[in-house]
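Visitor: Below are the chains, spelled out letter by letter.
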Amino acid sequence: MDSPGWNRRSFLKAAAAAGAAAAMPDIAVPEPQVKPDVPASSQSIRLKVNGTSRQLNVDTRATLLDTLREQMGMAGTKKGCDHGQCGACTVHVNGRRINSCLTFAVMHDGDEITTIEGLADAGQLSPMQAAFVEHDAFQCGYCTPGQIMSATALLREPVGNTDDDLREAMSGNICRCGAYPNILAAIKSVRSQHS
Amino acid sequence: MQDTSGQGQNSQQHPTDTTGVGAAADHTSNRLPELSGNGSFGRPTPRHDGTLKVTGQARYAADHPIRRVVHAVAIQSTIANGRVKNIDASAAEKAPGFLAILHHGKAPKLYRPSNDFMSATKPGEIRVVFEDDRVYYAGQYIALVVAETLQQANYAASLVKIEYDFLHPVIDTDQAMNTVYDPEQFFGEKLTAQRGDPDGSYAAAAVKHEATYSTPLEHHNPMEPSASMAEWNGDELTLYETTQWVVGARNTVAETLGVPQEKVHIVSPFIGGGFGCKGFIWPHSVLSAIASRQVGRPVKLNLTRKQMFSACGHRSETRQKVRLGAAADGKLTSIFHDTLVQTSPVDEFIESCGTTTEMLYSCPNVGIAHHAVRVNIATPTPMRAPGENPGTYALESALDELAYKLKIDPVELRIRNHADTNEHTKQPWSSKYLKDCYRMAAEKFGWSKRNPEPRSMRDGKLLVGWGMATATYPGMRNPGAAKVRILQDGSATVVSATQDMGGGTYTTMVQVVSDALGIPVERIQSTLGDSMLPPAPVSGGSMTTASVLPAIRKACEQALTKLVQTAIGDENSPMHGKKEDEITAQNGRVFVKGSSPSSGNTYAEVLASKKMAAVEGEGFLQPGEERKKYAFQSFGAQFVEVKIDPEIARARVTRVVSAFDVGKVVNPTTARSQGYSGIIMGIGMALMEHTIYDDRDGSIVNSNLADYAVPVNADVPDLEVLFVDKPDPYIDDQGIGARGIGEITITGVAAAVANAVYHATGQRIRDLPITPDKLLQV
Ligand code: FES
Ligand code: FES
Numbered sequence: 001m002d003s004p005g006w007n008r009r010s011f012l013k014a015a016a017a018a019g020a021a022a023a024m025p026d027i028a029v030p031e032p033q034v035k036p037d038v039p040a041s042s043q044s045i046r047l048k049v050n051g052t053s054r055q056l057n058v059d060t061r062a063t064l065l066d067t068l069r070e071q072m073g074m075a076g077t078k079k080g081c082d083h084g085q086c087g088a089c090t091v092h093v094n095g096r097r098i099n100s101c102l103t104f105a106v107m108h109d110g111d112e113i114t115t116i117e118g119l120a121d122a123g124q125l126s127p128m129q130a131a132f133v134e135h136d137a138f139q140c141g142y143c144t145p146g147q148i149m150s151a152t153a154l155l156r157e158p159v160g161n162t163d164d165d166l167r168e169a170m171s172g173n174i175c176r177c178g179a180y181p182n183i184l185a186a187i188k189s190v191r192s193q194h195s
Numbered sequence: 001m002q003d004t005s006g007q008g009q010n011s012q013q014h015p016t017d018t019t020g021v022g023a024a025a026d027h028t029s030n031r032l033p034e035l036s037g038n039g040s041f042g043r044p045t046p047r048h049d050g051t052l053k054v055t056g057q058a059r060y061a062a063d064h065p066i067r068r069v070v071h072a073v074a075i076q077s078t079i080a081n082g083r084v085k086n087i088d089a090s091a092a093e094k095a096p097g098f099l100a101i102l103h104h105g106k107a108p109k110l111y112r113p114s115n116d117f118m119s120a121t122k123p124g125e126i127r128v129v130f131e132d133d134r135v136y137y138a139g140q141y142i143a144l145v146v147a148e149t150l151q152q153a154n155y156a157a158s159l160v161k162i163e164y165d166f167l168h169p170v171i172d173t174d175q176a177m178n179t180v181y182d183p184e185q186f187f188g189e190k191l192t193a194q195r196g197d198p199d200g201s202y203a204a205a206a207v208k209h210e211a212t213y214s215t216p217l218e219h220h221n222p223m224e225p226s227a228s229m230a231e232w233n234g235d236e237l238t239l240y241e242t243t244q245w246v247v248g249a250r251n252t253v254a255e256t257l258g259v260p261q262e263k264v265h266i267v268s269p270f271i272g273g274g275f276g277c278k279g280f281i282w283p284h285s286v287l288s289a290i291a292s293r294q295v296g297r298p299v300k301l302n303l304t305r306k307q308m309f310s311a312c313g314h315r316s317e318t319r320q321k322v323r324l325g326a327a328a329d330g331k332l333t334s335i336f337h338d339t340l341v342q343t344s345p346v347d348e349f350i351e352s353c354g355t356t357t358e359m360l361y362s363c364p365n366v367g368i369a370h371h372a373v374r375v376n377i378a379t380p381t382p383m384r385a386p387g388e389n390p391g392t393y394a395l396e397s398a399l400d401e402l403a404y405k406l407k408i409d410p411v412e413l414r415i416r417n418h419a420d421t422n423e424h425t426k427q428p429w430s431s432k433y434l435k436d437c438y439r440m441a442a443e444k445f446g447w448s449k450r451n452p453e454p455r456s457m458r459d460g461k462l463l464v465g466w467g468m469a470t471a472t473y474p475g476m477r478n479p480g481a482a483k484v485r486i487l488q489d490g491s492a493t494v495v496s497a498t499q500d501m502g503g504g505t506y507t508t509m510v511q512v513v514s515d516a517l518g519i520p521v522e523r524i525q526s527t528l529g530d531s532m533l534p535p536a537p538v539s540g541g542s543m544t545t546a547s548v549l550p551a552i553r554k555a556c557e558q559a560l561t562k563l564v565q566t567a568i569g570d571e572n573s574p575m576h577g578k579k580e581d582e583i584t585a586q587n588g589r590v591f592v593k594g595s596s597p598s599s600g601n602t603y604a605e606v607l608a609s610k611k612m613a614a615v616e617g618e619g620f621l622q623p624g625e626e627r628k629k630y631a632f633q634s635f636g637a638q639f640v641e642v643k644i645d646p647e648i649a650r651a652r653v654t655r656v657v658s659a660f661d662v663g664k665v666v667n668p669t670t671a672r673s674q675g676y677s678g679i680i681m682g683i684g685m686a687l688m689e690h691t692i693y694d695d696r697d698g699s700i701v702n703s704n705l706a707d708y709a710v711p712v713n714a715d716v717p718d719l720e721v722l723f724v725d726k727p728d729p730y731i732d733d734q735g736i737g738a739r740g741i742g743e744i745t746i747t748g749v750a751a752a753v754a755n756a757v758y759h760a761t762g763q764r765i766r767d768l769p770i771t772p773d774k775l776l777q778v
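In the order they appear, the protein sequences are chains A and D. Quick note: the first sequence uses our numbering, first residue 1, plus one each step. Quick note: the second sequence uses our numbering, first residue 1, plus one each step.
Simulated from the structure, these hints should not be mistaken for lab results. For every residue, glycine included, the Cβ atom is placed at its ideal position computed from N, Cα and C. Check before you lean on any hint, since a few could be wrong.
[Claimed, not checked] Covered stretches of chain D, as calculated for chain A (at least 3 residues, CB under 8 Å): (1) 39-49; (2) 55-62; (3) 302-310; (4) 590-601.
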């Protein structure tokens, strides 16, 4: 916690109020139902993670990322910023890549989640995982789960064929070790097998 | 265009010994096969830990599954100078899940550690956390809240009310000039030095250049924020850490807590990048330990990205005055390099920009000086090539300016001033192939096609610029130890308390064992990042390879000797009763010299016959007399192309070719990645990175990854990394011959970019980063 007195909800409330007021000056902004200083409750949800369905009681303040890491014991998904700025926490929700730090677990009742732990099939690396090893597409490996989840989802996205298209489509995933040229090479090699 | 091909007579046939210092040290062992025989040493080898990293199984500090772990959240100061007047935790204490709060009025007694780098005790900041109520910088730890879950800890922390007595902070160097002083030394190197007569020679110089270059405050921002997880078992502490120095962490934490070293165990098998900010030991490692002792449960403390901007150091801003004098033929006659940096009120770390200048070029008259001011910002720390990196930005920019004044090609100017010996220490180089680096990179880059005239090259409406600079970093080495075991099934293990933050230590360790023992890499397990293992130095100063790998080879030799002795002493062995030096080894077998390998035994057979589980060898080596005789230094050349859209004043790097002389390249695969890594961080330094402080309250304006821009994939063009790959004959006596590679790759990049920007635009930007606003202003 960086500045006492502020938490995510009070910020969201202020931001929502400001946004609404600016866009619709004549319409009264409804008071939020929850007072900012009251801790949130928990709620029961069902998540299907890497093919296994699990019933969970989640703190409604918990992000999907923290739920995976701290509650479900799946630490493969990483936290680099907790602000949607780095991509380390990328997972697939119903087949699409998202930043799991930017979404609450409670919003995903019934959703299908795939994490880095779910890509290999019976110990056999997925083509993207194998390509990352072959092309040395990482150094420290911390951004790697997010990079691989992004790259895997990208195979299904309408992304152009030039190197610059791929670089752009991978630019939500920061790699401070600078493995970018090798990440590009890994993705290209998998894409060429695909088509 | 100058001719860059005539770089000395020796450029075509690689010189075997450019230094002329005589034959290489004798490093051949009787029994171990020669390195670079048939093994993986020197050949591209996939990462040993690759599968763990791509499957999410690699465990970083916050990933270890610990039963009953609870969560800590740090509260940091929102003012940069003053005192904590009151901490009101009454509401927090009533919050659900709350377990404890710690602060200066409510913390166990802590002790200042000895702060001695050589004895592996080095806090990032000598002031101990929660020492008193004083606040010296924004982001200083004020309190720590512990609760059952992360959400509960965050919420409870949000309820803590802190009152301050506010004093006006000093943030800007200009405002702090009343505190300026001249620091004496930086890790043993003098920061004020002179040879010849820099002033007189400058006055008499035919061609002169003088300018001030500045670099901003920067943050390492490894992707893994620092984390520390503490678990006490009686009076024994286990800390799951992300540290570049497990031995340093053990010693420093133990001294700070006032407990014996043997009671502290540091575990750090994977590090999500460090770049220097996880080298020294910072307060979070102590905070998790005292919090855990307080609540009687394991405690996890994971810093936020924002906290990373004040919790584990940064690179100081620098202002560097460089003055060059030269004869008309380009020979340098005078160099003066004067550096002004910042440090904190509570400790000293000096970004020593000038020390490289003492020896990078041949020049009879050289002076350097360093000055520091104290500002209300946290203590700086090493960041990838501390000193060399901003230092070469200034010096190599100045040389480019001088080259234009002299009308001499910048590569040619550097060759004319090539330092054949280290003129500062008056030692010959252990090995130096800098001219080869210039030639290799220039050829690959196509430098001979460059029209030196600024604004002369175009790509459509884009301005094209080509620039180059020299790269350099010392070839450091510290004492290192390792153990190697040959196991009953013929496989092997190798262990050392070193670290792998991405450079590839797991893999190079295995390569050395594979070569020495003739065991395939797949059958060797390397273990590191644990303070209980044989001690190794900090993974900093690019010294891991040179410090640890020779010890591993030594350990292999000892293990093999024990195996041979076992065979000789075994009456069922075909080698029974032979003398030790009659036995040799190859491809995992021992046998009598001169006979066929099949006449002997496999390692497994030797052990099985004596019902032994394993033989173990130990290696401990340290630098010796060779350090008095030779100067150990790596060199390289960075060639950069930029393209600039004049309408939006945006510079982009479009091509980089680099060549490095780092001695032997142990693993070309991971070495190339290290090359990419440094070059890309250098592009960030040149064009994007700077931390911005609010002068009024000392807070950081851009303490997040959206506003502190670092290169993303779309910022990185095609890069080409070349290596001379000639062993350093003196750096170790085991024939490894490798100097480190993690830091040299960033040096010179920013200067090469700035020089390319000048070539493209005719505008000289002497203040990093080169952002559009500066390009528009000139
Ligand atoms: S942790 Fe989610 S984007 Fe950085
Ligand atoms: S591999 Fe280290 S951040 Fe990408």
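Visitor: Give a verdict on every hint.
Guide: Structure-based check of all given hints:
1. 39-49: holds (count 3)
2. 55-62: As far as the segment 55-62 of chain D goes, the hint holds, because 7 residues have Cβ atoms under 8 Å from chain A.
3. 302-310: Result for this restraint: holds, n = 5.
4. 590-601: violated (count 0)
Of the numbered hints stated above, the single one contradicted by the structure is hint 4.
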